[in-house]
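Q: Sequence:
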Amino acid sequence: MLVRQVRPQSKLRAAFGGFSRIRRNYSESDSPNAKKLKNRAPSHNYIILGAKSAKLLPRKERPKPTKVTVDPIKVDVLEEQRKQLLVFKSEADTQVVLDSIDMMKPLSDAVSESRYKQIRSDLKQSYSLVQLREYVSHHSKGRGLRGTTKDKLCDIILKDIWVLHVSKDVNETSDVIIEKTIQLSKRDLFIILSRNGAIPRSWTKSGARIVILAQESKIVIRSTSETFDWILASLHKTLQSITTVRIVLEGIRKIANVDNIPLSRIQQLSNVSLEMNAAKDTIYASALSRSYIDHARRLIVQSTGFKPRIKDEFVYDTANLSNTASYRIVDDDAMNWNERSKPWSRLQTLRKRVSDNPEAEKQLKLQVIPSNRELGVVEPGNLAKTIAQELVSHMATDKNAELPLTFTATFGYILHETQPQKKVESLASQMASNHSFTTNIPSVTQKCSGLPLNTLDIAHEEEPETSTPDQNADDLWKKLLEQEQSQEEPTHGIGSEIKPQKSKLVDTEDDYAYLAQLKFVPAPMGMGKSNQGNADFDTLPPLEMWLELDENDRCDLDSARVVAVEEEINTHLSLPSKPADIKFTTTRANFLDHNEPSVQAFLKRSNLDFSGGSPVNVPDFLTVTIGGKPTNYLYQAMLYRRQVDLKYNDSILQLSTIEGGGFEGRRVEATMVLDYTEGMNDFSQSDLENMISNSLTFNDSLKA
Numbered sequence: 001m002l003v004r005q006v007r008p009q010s011k012l013r014a015a016f017g018g019f020s021r022i023r024r025n026y027s028e029s030d031s032p033n034a035k036k037l038k039n040r041a042p043s044h045n046y047i048i049l050g051a052k053s054a055k056l057l058p059r060k061e062r063p064k065p066t067k068v069t070v071d072p073i074k075v076d077v078l079e080e081q082r083k084q085l086l087v088f089k090s091e092a093d094t095q096v097v098l099d100s101i102d103m104m105k106p107l108s109d110a111v112s113e114s115r116y117k118q119i120r121s122d123l124k125q126s127y128s129l130v131q132l133r134e135y136v137s138h139h140s141k142g143r144g145l146r147g148t149t150k151d152k153l154c155d156i157i158l159k160d161i162w163v164l165h166v167s168k169d170v171n172e173t174s175d176v177i178i179e180k181t182i183q184l185s186k187r188d189l190f191i192i193l194s195r196n197g198a199i200p201r202s203w204t205k206s207g208a209r210i211v212i213l214a215q216e217s218k219i220v221i222r223s224t225s226e227t228f229d230w231i232l233a234s235l236h237k238t239l240q241s242i243t244t245v246r247i248v249l250e251g252i253r254k255i256a257n258v259d260n261i262p263l264s265r266i267q268q269l270s271n272v273s274l275e276m277n278a279a280k281d282t283i284y285a286s287a288l289s290r291s292y293i294d295h296a297r298r299l300i301v302q303s304t305g306f307k308p309r310i311k312d313e314f315v316y317d318t319a320n321l322s323n324t325a326s327y328r329i330v331d332d333d334a335m336n337w338n339e340r341s342k343p344w345s346r347l348q349t350l351r352k353r354v355s356d357n358p359e360a361e362k363q364l365k366l367q368v369i370p371s372n373r374e375l376g377v378v379e380p381g382n383l384a385k386t387i388a389q390e391l392v393s394h395m396a397t398d399k400n401a402e403l404p405l406t407f408t409a410t411f412g413y414i415l416h417e418t419q420p421q422k423k424v425e426s427l428a429s430q431m432a433s434n435h436s437f438t439t440n441i442p443s444v445t446q447k448c449s450g451l452p453l454n455t456l457d458i459a460h461e462e463e464p465e466t467s468t469p470d471q472n473a474d475d476l477w478k479k480l481l482e483q484e485q486s487q488e489e490p491t492h493g494i495g496s497e498i499k500p501q502k503s504k505l506v507d508t509e510d511d512y513a514y515l516a517q518l519k520f521v522p523a524p525m526g527m528g529k530s531n532q533g534n535a536d537f538d539t540l541p542p543l544e545m546w547l548e549l550d551e552n553d554r555c556d557l558d559s560a561r562v563v564a565v566e567e568e569i570n571t572h573l574s575l576p577s578k579p580a581d582i583k584f585t586t587t588r589a590n591f592l593d594h595n596e597p598s599v600q601a602f603l604k605r606s607n608l609d610f611s612g613g614s615p616v617n618v619p620d621f622l623t624v625t626i627g628g629k630p631t632n633y634l635y636q637a638m639l640y641r642r643q644v645d646l647k648y649n650d651s652i653l654q655l656s657t658i659e660g661g662g663f664e665g666r667r668v669e670a671t672m673v674l675d676y677t678e679g680m681n682d683f684s685q686s687d688l689e690n691m692i693s694n695s696l697t698f699n700d701s702l703k704a
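First residue of the sequence shown? That's 1 in my numbering, and the numbers climb one at a time after it.
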């Protein structure tokens with residue numbers, strides 16, 4: 001209980017009349033000096049409150065609100081969103097504000113009364129007093145504006161600076177700015193914004209202001225009534241011209257998982273709206289032109305990695321794997337479109353301050369992935385022989401023994417889609433990911449610049465004795481002979497300081513060959529003409545078409561050659577301690593009849609002009625006869641090649657600059673070539689071992 005002392009006034013006692021009063025017996029008086037009295041009445045100066053009145057009872061627990069689980073705030077995301085916020089005009093630069101106000105000036109000095117009031121209201125609401133004062137001071141050089149109000153500044157801008165006047169002859173429909181919102185579907189909005197927003201940018205040329213609300217699928221247009229009607233008509237015409245095609249995924253499901261198709265990326269590259277149905281067996285493609293849809297179809301097939309009759313294997317040294325690490329390789333410009341922006345890494349030997357004894361690292365324990373075959377312990381001197389035996393083993397039971405056979409050794413990097421690791425313990429983590437191969441390696445062009453040309457002796461008619469020899473050519477040969485005496489090999493080659501001139505053996509000053517390479521794959525079911533295709537597309541060989549370019553950078557159609565790649569086996573040799581890895585390729589090709597009517601019709605419909613006068617155009621489908629029946633092929637890519645044949649020891653080394661555009665990339669490629677036109681009939685394993693040995697030696701010479 002709580003005891004309070006109160007005054008003995010009657011009014012105060014009356015105020016506390018509602019409280020209970022309890023008498024107690026005190027054994028002592030209130031005064032310490034007084035005598036002890038028994039059964040003395042309590043003093044009326046005290047009242048006793050109950051527990052409820054004294055607020056001693058425990059309070060009732062209030063119901064606690066349900067806690068809402070909120071994801072933790074990510075500081076990086078919050079900072080990125082903050083940077084994307086609009087900057088207030090009061091904090092903008094002075095010149096930005098001045099330009100912004102100038103943009104509000106109408107094109108004509110004569111405006112309607114409603115338009116005049118509208119401009120005045122926009123100026124007053126959109127800009128601060130300081131900004132308007134700065135604008136007036138900048139244009140009129142006036143002083144004494146410190147005490148001028150906003151209304152007065154707006155009048156100065158409209159009347160004195162812009163010299164606007166109200167005219168009754170001006171119609172408000174062509175003068176007053178209105179704001180309208182158009183609601184669109186996601187498909188229609190995507191197509192309107194495709195091609196880098198070409199359609200909205202054309203609308204802004206009429207003076208309209210366009211705001212795109214992508215999340216709400218809305219377009220806000222601020223313009224005059226007449227301009228809005230024109231924009232609305234243009235929008236209606238655009239939507240009416242949309243073409244929708246049904247793409248059947250029957251064949252794609254046979255070779256890949258449709259869930260892995262990067263539809264969003266393909267939409268950006270092809271300007272096509274792609275929508276997959278719930279059953280995931282059909283894609284509805286919508287675009288402004290059928291050509292865009294054909295492009296999207298090609299990208300869909302490319303995204304699956306469909307490469308018929310092409311096999312890849314990898315040879316690794318497992319004995320020294322613990323001394324390697326994976327290092328990041330970034331070269332998006334040289335990669336295919338669906339391989340860019342990925343964490344590519346290459347295995348390289350760990351760098352040590354004090355190198356180990358080189359004698360201890362000579363032996364290699366080679367393993368072939370993914371077959372997990374062991375090639376045994378190999379001495380570095382026998383590496384060329386071991387690789388040659390591996391390449392020959394692929395052709396032991398080949399039924400196409402008479403087909404032309406080609407061996408190539410391409411220098412580059414074996415890439416795996418893994419994060420960089422300080423130390424690689426096993427191949428499982430490397431081989432479980434996707435892989436690629438890039439040919440852009442440092443110093444390869446510089447190394448090739450000192451190699452001689454691989455020229456062929458061409459018989460020419462002897463010149464008459466009466467002709468006078470070219471004195472400049474004689475001087476050139478004298479210089480070459482002098483340099484040959486002082487050096488082991490001639491310096492006349494790619495990158496030589498001596499400009500090559502015409503001679504009896506070479507009838508041109510340009511030693512490069514310019515070629516166009518077109519690639520085709522069998523059209524899968526649902527991806528061919530009229531959504532048709534080949535039922536056995538995964539068993540058919542891919543095609544390549546090669547054409548030579550003339551001096552005007554136009555393809556010579558008479559030089560077209562159609563090649564069916566019957567078999568291609570890529571053996572990737574990982575060399576972590578070397579400047580580059582090597583991809584050994586075994587190819588069997590079959591030359592088809594390029595005079596076939598369907599091939600000639602394809603070439604006539606094509607525009608293979610690289611001079612820049614007109615855009616390059618290639619039809620999407622090519623029909624050729626395979627196995628006695630017409631087969632539909634889908635066009636995939638085109639490469640522009642500038643290559644030259646060099647001589648390295650007794651092997652041919654091709655240095656090529658390859659241009660594939662925005663989808664295939666640009667890269668430099670160095671490849672050693674060994675051809676057998678008669679196939680296995682004139683094959684020599686010793687020649688193959690010699691070519692592999694030369695490629696290993698050339699790879700060692702690439703060190704900086």
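Treat the hints with care, as some may be off.
Claimed, not checked - Calculated lysine-lysine pairs in the DSS-like style (CA-CA distance at most 30 Å, straight line): (1) K254 - K519; (2) K218 - K342; (3) K218 - K105; (4) K141 - K105; (5) K307 - K342; (6) K365 - K141; (7) K385 - K307; (8) K55 - K105.
No lab work stands behind these hints: they were computed from the structure.
It should be emphasised that the depicted structure is a prediction, and the values quoted were computed from it without experimental measurement.
Q: The structure should be examined with respect to each hint, and the outcome stated for every one.
A: Going through the hints against the structure:
1. K254 - K519: holds (22 Å)
2. K218 - K342: violated (34 Å)
3. K218 - K105: holds (27 Å)
4. K141 - K105: Holds, because 19 Å separates the two Cα atoms, which is no more than 30 Å.
5. K307 - K342: It holds: about 21 Å lies between the C-alpha atoms, which stays within 30 Å.
6. K365 - K141: violated (85 Å)
7. K385 - K307: With Cα atoms ~29 Å apart, K385 and K307 stay inside 30 Å; holds.
8. K55 - K105: violated (72 Å)
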